[in-house]
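Undergrad: Chains as they are written, first to last, in our numbering: chain A, 1 to 232; chain B, 1 to 232.
Because the hints were derived from the structure by calculation, they are not lab data. The hints are all genuine.
In silico lysine to aspartate or glutamate, EDC-like type, Cα no more than 16 Å apart, as pairs: (1) A:Lys94 <-> A:Asp78; (2) A:Lys61 <-> A:Glu95; (3) A:Lys146 <-> B:Glu16; (4) A:Lys136 <-> A:Glu16; (5) B:Lys146 <-> B:Glu70; (6) B:Lys59 <-> B:Glu95; (7) B:Lys228 <-> B:Glu95; (8) A:Lys148 <-> B:Glu16; (9) A:Lys50 <-> A:Glu70; (10) B:Lys146 <-> A:Glu16; (11) A:Lys225 <-> A:Glu108; (12) B:Lys148 <-> A:Glu16.
Take a look at the letters that make up each chain.
There are 2 protein chains.
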Amino acid sequence: MRIETILSPTLFHQIENIDRKVVVVIDILRATSTITTILHNGASAVIPVKEEQIARDYKEKGYLVGGEREGATIEGFDCGNSPFQYKPDIVANKEIVLTTTNGTKCIEMSSNAHQVVIGSFLNLDKVVDHINYLNKDIVLFCAGWKNKVNLEDSLFAGAVACSYTGGEFDDSTLLCIDAYRASKKNLFKALQNSSHFQRLASKGVTQDIAYCCERNVINSVGILKDGKIVLA
Amino acid sequence: MRIETILSPTLFHQIENIDRKVVVVIDILRATSTITTILHNGASAVIPVKEEQIARDYKEKGYLVGGEREGATIEGFDCGNSPFQYKPDIVANKEIVLTTTNGTKCIEMSSNAHQVVIGSFLNLDKVVDHINYLNKDIVLFCAGWKNKVNLEDSLFAGAVACSYTGGEFDDSTLLCIDAYRASKKNLFKALQNSSHFQRLASKGVTQDIAYCCERNVINSVGILKDGKIVLA
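Extracted from the complex, chain A is given alone in its bound form (with noise of 0.2 Å):
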């Protein structure tokens, strides 16, 4: 199985043959974590849209929407992107829109993989599991923030790489396992230094990535299937 790491959306045409491959998007702070804990909360889908407008058109037709730009919620949306908004009563059996700054763009770009799968520290076992189930190449998609690497979407692919002890690991890869082994013992403590943490710390979101940077606590992982995203 080889594994690949695209470390910026800017990097992303240098894939090749991605309708045989499997495709992680990874944007941990948070748009990834958001969409694993909404379905664990118990929504039947978690819709992708990258433009505002089209998440607008399903609010008005009835759908819940959440929508953040710059790590803010978008004017008139019901939620934003931190995953405490999306508890179980208000989300169980809805299918959520979801639109955001980094995440929602590049699960788009991925649609044409052979299946896209959602990255998140909360799963990370079952992530894990299910791409070896899948037993296809790898895509490890780091989101970044505008277009820029970041830490958190970085380290998240060597964690999963590090599972992979007989795998063929791309330069990328590599470099992200190495960080990933120096970080893993205190993600959190790993990630102060990080433009996104400084970015959301500044917006008083600590909490959102103390719970983005927990590992295992969720048993379920969501994969794109027709637009949505679903439990797999």
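Chain B: place on chain A using the hints.
TA: Below, chain B without anything else, positioned relative to chain A:
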């Protein structure tokens, strides 16, 4: 002092205000290690050129010309990209022309910087001393391999950044610092799974890799000045 790392030439456009920054060009295997060695061995300058034909024009004028594409010496050139080919008796007091797959391109891309510095493990501490002396914001520019991220250039970026305890780092730099910390005890071993190691080893140049992983065996540093790389 702010340090940012560009992990691939494809991400180079993300640098803002390059004219106010010092760019360290990093192509550990092998262009920037070889350039550092050539200057150490007594050459008066290295003239980096992007196009093979321009190098040929220099050769016709009587210059000693080195060049590599895909890791192999260009036909008709005096030398390739191996540091061992540029012995003191060959290069002393001469201007050497060099064209390589990745490194010389990045030197040209960086030419609008406040200063371009040539980075290698061979003179790591000297590179750090020199950029400290310049006291500007720093860009660690990894040449990679054909626009892909590579491990050895990223680890060198981490090695430089590790020397700045009080620096302000972007996330790419934090990633490289973590990775270097996990690898620094045995760089040669850390690189054994990397794509470039395998590419060069398959051509029988493992000794070049071992040499390029040596730290602080050269006590000088090259900088770009009027299109030529000379000792600072």
